[in-house]
Structure formats: C-alpha cells, structure tokens
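Visitor: The working numbering puts the first residue of the sequence shown at 189, with every later residue one more than the last.
Any given hint could be a false lead.
Here are the computed lysine to aspartate or glutamate pairs in the EDC-like style, where the Cα-Cα straight-line distance is at most 16 Å [stated by the list, open to error]: (1) 313 / 290; (2) 202 / 261; (3) 202 / 290; (4) 313 / 332; (5) 422 / 257; (6) 202 / 423.
Rather than coming from a laboratory, the hints here were simulated on the basis of the structure.
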Amino acid sequence: MSDSVNYAELFGFKSIPAAVIFAVCYAPLCCLFVPKAIMRRTYAIFTVTLFCFMRVSAFILRAVLIASDSAGENESVFIADEVLFSIGFFGLLFGAYGLVLDRLSILTTYKPYNYPLSFLLQNRKLFHLALVAGMVMGIIGITDSTSSTPDSSGPTLRKASVIVFMVLTVLQAYQTFILVMYERSENSETIAHQLGNSIGARHGAMIFVGISTLLLVREIYMLATIGSSVTQNKEYTWYPLVALPELACVVLYAVPGVIPPSPSGSYDLPR
Numbered sequence: 189m190s191d192s193v194n195y196a197e198l199f200g201f202k203s204i205p206a207a208v209i210f211a212v213c214y215a216p217l218c219c220l221f222v223p224k225a226i227m228r229r230t231y232a233i234f235t236v237t238l239f240c241f242m243r244v245s246a247f248i249l250r251a252v253l254i255a256s257d258s259a260g261e262n263e264s265v266f267i268a269d270e271v272l273f274s275i276g277f278f279g280l281l282f283g284a285y286g287l288v289l290d291r292l293s294i295l296t297t298y299k300p301y302n303y304p305l306s307f308l309l310q311n312r313k314l315f316h317l318a319l320v321a322g323m324v325m326g327i328i329g330i331t332d333s334t335s336s337t338p339d340s341s342g343p344t345l346r347k348a349s350v351i352v353f354m355v356l357t358v359l360q361a362y363q364t365f366i367l368v369m370y371e372r373s374e375n376s377e378t379i380a381h382q383l384g385n386s387i388g389a390r391h392g393a394m395i396f397v398g399i400s401t402l403l404l405v406r407e408i409y410m411l412a413t414i415g416s417s418v419t420q421n422k423e424y425t426w427y428p429l430v431a432l433p434e435l436a437c438v439v440l441y442a443v444p445g446v447i448p449p450s451p452s453g454s455y456d457l458p459r
C-alpha cells in the first residue's frame with residue numbers, strides 16, 4: 189500500500205458521531221471503576237477498568253482517523269487503533285471467566301473434580317496463557333497484514349487469533365451454564381452469606397448468562413467475517429454486533445455485587 193492510502197476510508201470508518209458517542213459512554217464507566225480498582229484491586233476490576241480506558245482511547249482515535257486525512261493516511265495511527273480494539277477484549281473475557289469460577293467455588297453442591305477435563309477447563313493459568321497467545325497473534329497479524337509491505341502470515345495469524353478467542357468464549361459460556369445449573373440447587377442463604385444481598389449477588393448467575401451471550405454475539409460476528417477485515421469493520425454491522433455488546437457487558441459488570449468485594453486485606457491482582 190502506498191503512503192497516500194486513507195486507511196480509515198479503506199476499512200469503512202465513516203461515522204464520527206458514533207465513535208464520539210461510544211467514547212462518551214465509556215468515560216463515566218472509567219470514572220466508576222477507577223475508585224474501585226484503587227480501593228479493592230481485584231483482577232476483575234483491574235481488567236474491566238483497563239478495558240474501559242482502552243475503548244475510550246480507541247474510539248477517540250477512530251474519530252480522529254475519520255476527521256483528519258493526515259491521520260487517516262498514517263499507517264501507525266491506524267494500526268494502533270486496531271490493536272487497541274483487538275487486545276481490549278482480553279479483559280472482558282478473562283474477567284467473566286474468573287468471576288464465574290469464583291462464584292462456583294462458594295457453592296457447596298458443586299464438586300468440580302466429578303467432571304472429566306474439569307481441571308483443564310477451570311485452570312486459570314492455562315486460560316490466561318491461551319488468551320495471551322490469542323492476543324499476541326492478533327497484534328502481530330494486524331501489524332503484518334496492514335503494513336505497507338504486508339506479510340503473508342499476517343492474515344493467517346489474525347484468523348488464528350479470532351479462532352482462539354472464539355474457543356475460549358465458548359468455554360466461558362460452558363462454565364456459566366454449569367454455574368446456572370448448580371445455583372438452582374444451592375441454598376440462597378449460602379450465597380447471601382458469601383456475597384451479600386445486592387442485585388449482583390442474588391442474580392449473578394443470570395447476569396453472567398447475559399454477559400456470556402453478549403460475548404458470544406461478538407465472537408460469532410468476528411468468526412463469520414474472518415475472511416475479510418474490510419467486511420468485519422463495516423460500521424452498520426460492527427457497531428451493533430461488536431461495539432454495543434461490549435458496552436453492554438461493561439454495564440452488566442457495573443451492577444452492584446457482580447464483582448464481589450475481596451476479603452479484608454486481600455489484593456487479588458490479575459492471575
């Protein structure tokens with residue numbers, strides 16, 4: 189690609205108002221989560237807070253790319269914007285996975301080792317490593333496939349990243365399904381004793397069903413458009429099927445009690 193190529197136009201970035209609206213929507217969520225991240229420092233709050241800041245930055249950058257021809261023709265600025273959108277999903281998925289496992293761990297009726305492969309499916313370190321691998325492949329794939337001298341491995345790595353995230357999203361949804369099944373047979377007093385009586389504590393399982401569904405919608409769209417970055421970035425489908433589900437997930441994370449307070453004196457930073 190030559191230096192005169194406007195990447196924003198090439199990849200279908202058109203609406204400045206849409207980008208600004210989403211940046212504005214994420215700003216108060218940043219303000220909501222930052223004090224919690226400072227006070228409680230749990231891995232879930234940390235990753236969701238980081239995600240919000242990434243989305244504010246990415247949408248502002250997208251608006252700049254559309255508004256300014258010089259920015260739109262700047263390959264580095266475009267790649268930075270794409271990378272921010274790519275790696276941010278890490279926080280949403282890892283947060284949901286960890287919180288569901290945390291909630292399962294307090295259930296007296298749940299015996300994880302009664303199920304085949306439960307050790308692998310509920311191994312946070314393995315899940316984290318797979319997420320990091322998917323994220324790294326996505327960054328390299330975006331950089332290589334968008335650069336002035338495209339690398340033939342770029343599109344392949346980008347596709348591999350999408351597939352890894354899709355598999356991990358399905359695994360997270362499966363854990364949520366297990367949570368819903370076992371909470372039905374759990375004594376509500378046990379959950380209230382461990383998590384309190386907030387909305388998120390009482391209805392957390394169903395809220396995580398909503399989060400899992402939204403994550404699946406996003407990843408199914410990414411998988412369905414895996415063959416073309418231009419198609420994937422078309423705004424009339426990208427905003428309702430990628431940007432909006434992500435924003436709705438963060439709003440659900442903000443429901444009181446969905447992210448439970450850590451025990452006094454505990455600092456549960458990302459594992």
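Visitor: If any of the earlier hints don't hold here, list their numbers in rising order.
Guide: 3, 4 and 5
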